[in-house]
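S.K.: Listed below are the residues making up each chain.
There are 2 protein chains.
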Amino acid sequence: MHTIKELQDIFTEHLAKQDFFSDPKELYEPIVYSMNMGGKRLRPVCLLAACELFGGDYRKALDPAVGIEMFHNFTLVHDDIMDNAHLRRGKETVYKKWDTNIGILSGDTMFAIAFDYIMRIDDDLMRKAVLLFDKTAIEVCEGQQFDLNYETMPSVTIPDYLNMIRLKTGVLVAASLKMGAIIAQAEEAQADAIYNFGLYTGLVFQLVDDLLDVFSRDHKFGKAHGGDIVCNKKTYLYLKGYELAGEEEKQALDHLFSDKTIEPEEKVQAVAAIWEKLGVPDVARNEIRQYHRKAVDYLDALNVPKKYTGELRRFADELLGRTY
Amino acid sequence: MHTIKELQDIFTEHLAKQDFFSDPKELYEPIVYSMNMGGKRLRPVCLLAACELFGGDYRKALDPAVGIEMFHNFTLVHDDIMDNAHLRRGKETVYKKWDTNIGILSGDTMFAIAFDYIMRIDDDLMRKAVLLFDKTAIEVCEGQQFDLNYETMPSVTIPDYLNMIRLKTGVLVAASLKMGAIIAQAEEAQADAIYNFGLYTGLVFQLVDDLLDVFSRDHKFGKAHGGDIVCNKKTYLYLKGYELAGEEEKQALDHLFSDKTIEPEEKVQAVAAIWEKLGVPDVARNEIRQYHRKAVDYLDALNVPKKYTGELRRFADELLGRTY
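The listed protein sequences correspond, in order, to chains A and B.
If you're matching positions, the first sequence starts at 1 in our numbering and goes up one per residue.
If you're matching positions, the second sequence starts at 1 in our numbering and goes up one per residue.
The shape of chain A in the complex, shown without the other chains (with noise of 0.2 angstroms):
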């Protein structure tokens, strides 16, 4: 079995590989630009993890993987749009470098590349791969939109932002590991057992994203400190605020999110403070807590050697590990 950092070096090198370039250019230079950004190709190395985990050979999931990571970015394409994202991995968004019409055009065309990639499996594996993919892009559409609807939705709750972020986010995570078992034949109940982990690690993933935004000890995510307090972003910790908030909290939160003369900096750092003092970040980090110990336990419970479940192991402490 490779590490996760192998595995990482594996799949950018097939990556690298691959001539997605085709006539017209107006279509396909913003996808070589769209996979070329780099990022830390999450999905696919979960993938090819999954299918060592199993016992299957990776270079059958290399191709799969591709398709994984070409159907990720096609989703990066369109939220950008739609969330009016100029900066992507510190460079322009797509539609910002080209227009919204190619955008969307190069989108739709990265998602019908993707399909043609997964399909790069034995006949046998075919329905089973498709329809999971499928049926988590759509889930993945559903997610976009509930975060779409919470944008302006007065009262959001945390059931439905967990719910929210699982779409979003968790699904994808989740097949990839479940596509991973799939190619290495796995019992179904072990490919379900993995997506569960996926799902779990999915939220880990977000929500420490979420505490990372304000509560982070360096900048090294490239996000800007407390962009999520700034733009008013209902996360876990917005809504969690709320929820533990007094009145006379409520109040200043409620001031502090709706004057628009306050200076970003100083909204970031007195929603913090209110935050810190109602204790939402230990709240959060608990949670946290609880969404690894569901992971972990679905990958214990695997009916495969332990050390080979070492490096998924490792890949969600270090996820966990981001937020002390």
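Hints in this document: simulated from the structure, not taken from any laboratory.
Small disclaimer: the values here were computed from a predicted structure and weren't measured.
Treat the hints loosely; a few may be bogus.
For identical chains, the list gives no copy identity; a pair is met inside one copy or between any two copies.
In silico DSSO-like cross-links for lysine-lysine, where the CA-CA straight-line distance does not exceed 27 angstroms [unchecked claim]:
hint: 1; residue 1: K25; residue 2: K135
hint: 2; residue 1: K40; residue 2: K60
hint: 3; residue 1: K306; residue 2: K135
hint: 4; residue 1: K267; residue 2: K234
hint: 5; residue 1: K128; residue 2: K60
hint: 6; residue 1: K277; residue 2: K233
hint: 7; residue 1: K306; residue 2: K17
hint: 8; residue 1: K234; residue 2: K25
hint: 9; residue 1: K294; residue 2: K267
hint: 10; residue 1: K5; residue 2: K96
hint: 11; residue 1: K25; residue 2: K233
hint: 12; residue 1: K307; residue 2: K250
hint: 13; residue 1: K60; residue 2: K135
hint: 14; residue 1: K233; residue 2: K267
hint: 15; residue 1: K267; residue 2: K135
hint: 16; residue 1: K60; residue 2: K277
hint: 17; residue 1: K307; residue 2: K294
hint: 18; residue 1: K250; residue 2: K128
hint: 19; residue 1: K250; residue 2: K97
Given the coordinates of chain A, work out where chain B should sit on it, guided by the hints.
M.R.: The following block gives chain B in isolation, referenced to the frame of chain A:
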């Protein structure tokens, strides 16, 4: 074998039984709306007709036919955003009725749902059918990109234009027919022949549309008379007009297509008069007849009893007949 009219009714009935609605409603209401907009259901009916032509059971083709129609409607939803089109079949377009974000995301979901329906076939046909569908989806995106490019490109050739409408319109009609052949387990060569019939029929369909926009005897096709001329669309007629024009007509056309003070009605009449004088409609009709001939040749060469091809022959003849 059923007639085209009967297959239209069968498909409409099957479509009405589908429940596309789900949660969140912001995502699914536009999908239901788009699928209920009506239209000729040309592509799914082609799929059913080809299935019966090769001795298949049309009931096995009903769900893939829904998938094809869902895909076609997805392209319309996204194209309407790119083309700033406010109306479609006399109703508000999705992005106008809701907003651009919902248009993008509902469209993406429709593409994924389309795959789900296409996959509702026997295991041994899965790869062939899904690969055909996916390849076609990519080509349709390429066609739309060429179409967008041509809006601002100064010199578009007639072969460029024909290639664009092949991709944007031809391949989906062709793939619908071939999908029917695949479901009926037709031989490869037969499936390819019906694909080519569809390709040329699709070209006839689009070229007839171009012609009728300007030279129709009546307005029953729901388009403003000369709408393509009003917005300087580089159709077959536009390109052929410049090809056949002498210096004098070229200057007159340049003036008509660039002077924004000319009233639309006046512009349409003047351009149409020049084209008529140059013999453009006759050249177009001749081109259409040649494509119709090629389509019919593919149909005649099929290894099925002549009486079976009658319905598709009548279908192609009717498209051609609209020009006289």
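S.K.: Evaluate each hint against the coordinates.
M.R.: Results of checking the hints against the structure:
1. K25 - K135: Close across copies (18 angstroms), not inside one copy (31 angstroms); limit 27 angstroms.
2. K40 - K60: Only inside one copy: K40 and K60 sit 21 angstroms apart there, 43 angstroms across copies, limit 27 angstroms.
3. K306 - K135: neither (31 angstroms within a copy, 43 angstroms between copies)
4. K267 - K234: Result: close within a single copy only, 15 angstroms intra versus 54 angstroms inter.
5. K128 - K60: So K128 and K60 pass the 27 angstroms test inside a copy (16 angstroms) and across (20 angstroms) alike.
6. K277 - K233: within (20 angstroms within a copy, 63 angstroms between copies)
7. K306 - K17: neither (34 angstroms within a copy, 50 angstroms between copies)
8. K234 - K25: Between copies, since 20 angstroms is at most 27 angstroms while 39 angstroms is not.
9. K294 - K267: So K294 and K267 fail the 27 angstroms test inside a copy (35 angstroms) and across (70 angstroms) alike.
10. K5 - K96: neither (32 angstroms within a copy, 47 angstroms between copies)
11. K25 - K233: between (37 angstroms within a copy, 22 angstroms between copies)
12. K307 - K250: For K307 and K250, the Cα distance exceeds 27 angstroms both inside one copy (49 angstroms) and across copies (78 angstroms).
13. K60 - K135: Result: close both inside a copy and across copies, 22 angstroms intra and 22 angstroms inter.
14. K233 - K267: Classified as within: same-chain Cα gap 13 angstroms, cross-chain 52 angstroms, threshold 27 angstroms.
15. K267 - K135: neither (40 angstroms within a copy, 51 angstroms between copies)
16. K60 - K277: Result: close neither inside a copy nor across copies, 52 angstroms intra and 63 angstroms inter.
17. K307 - K294: Only inside one copy: K307 and K294 sit 19 angstroms apart there, 65 angstroms across copies, limit 27 angstroms.
18. K250 - K128: neither (49 angstroms within a copy, 59 angstroms between copies)
19. K250 - K97: neither (41 angstroms within a copy, 37 angstroms between copies)
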